[in-house]
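Now for the letters of each chain:
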Amino acid sequence: EPEVTQTPSHQVTQMGQEVILRCVPISNHLYFYWYRQILGQKVEFLVSFYNNEISEKSEIFDDQFSVERPDGSNFTLKIRSTKLEDSAMYFCASSRAREETQYFGPGTRLLVL
Amino acid sequence: AQTVTQSQPEMSVQEAETVTLSCTYDTSESDYYLFWYKQPPSRQMILVIRQEAYKQQNATENRFSVNFQKAAKSFSLKISDSQLGDAAMYFCAYRNYGGSQGNLIFGKGTKLSVKP
Chain A
1 EPEVTQTPSH
11 QVTQMGQEVI
21 LRCVPISNHL
31 YFYWYRQILG
41 QKVEFLVSFY
51 NNEISEKSEI
61 FDDQFSVERP
71 DGSNFTLKIR
81 STKLEDSAMY
91 FCASSRAREE
101 TQYFGPGTRL
111 LVL
Chain B
1001 AQTVTQSQPE
1011 MSVQEAETVT
1021 LSCTYDTSES
1031 DYYLFWYKQP
1041 PSRQMILVIR
1051 QEAYKQQNAT
1061 ENRFSVNFQK
1071 AAKSFSLKIS
1081 DSQLGDAAMY
1091 FCAYRNYGGS
1101 QGNLIFGKGT
1111 KLSVKP
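Residue numbers (this note's numbering), protein chains in the order written: chain A, 1 to 113; chain B, 1001 to 1116.
In case anyone wonders, no lab produced these hints; they're calculated from the structure.
From the three backbone atoms N, C-alpha and C, an ideal C-beta is built for every residue, glycine too.
A portion of the hints provided could be inaccurate.
Chain A regions said to be covered by chain B (calculated; three or more residues, Cβ under 8 Å) [claimed, not checked]:
| id | region |
| --- | --- |
| 1 | 13–26 |
| 2 | 76–82 |
Once the Cα atoms are required to be at most 30 Å apart in a straight line, the calculated BS3-like pairs of lysine-lysine come out as [said to hold, decoys possible]:
| id | chain 1 | residue 1 | chain 2 | residue 2 |
| --- | --- | --- | --- | --- |
| 3 | A | K83 | B | K1078 |
| 4 | B | K1108 | A | K57 |
| 5 | B | K1073 | A | K78 |
| 6 | B | K1108 | A | K42 |
| 7 | A | K57 | B | K1115 |
| 8 | B | K1070 | A | K83 |
| 9 | B | K1078 | A | K42 |
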């Protein structure tokens, strides 16, 4: 069964460094999402992406964040200058159509020191 | 803005018994989707069940079923014949139908323990 994959599974970085989190959505899916979950808290929406552009973003998704689909398979989330409070689990999700179920990847655990 | 509330931070069930997890939500929309996702210790989010608000029939997936009460804005998950592998965090989630907002809105989760 096709699934969303994410790399790396864990990343440790120093405050102020740039990180890129990578996702490979399910191949015939057209809508892509990033969510994050700070430890012990609920999952929060960051951004959705369709047709090579951002379709929605939350208040969390400020100028430090960017997303890109650099080729036909990868979907990336870049954090330009990481802060301590960016430490969280980051989930990528994809769906075939906007109204269809979003399938999640296994997540990337980001720790900012 | 839509909100999702899960009032039970933790629940416990004996193996082979039945447990119900509660979820309420607030929306002014008439068409929307509701979901239950499971997050085991590995922390991957796994879809358990999905309900379309326009469907009166409650969704069922094997041992998992929902009690969807649209007027009460309630969406509870029933797990029958609980198994040790059901132990996880369970998140209730809402999503609008149509319009510009396709993102999921999650509740805070219920941690389910299954006792052997």
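Which numbered hints fail: As far as the earlier hints go, 1, 2, 3, 5, 7 and 8 are violated by this structure, in ascending order.
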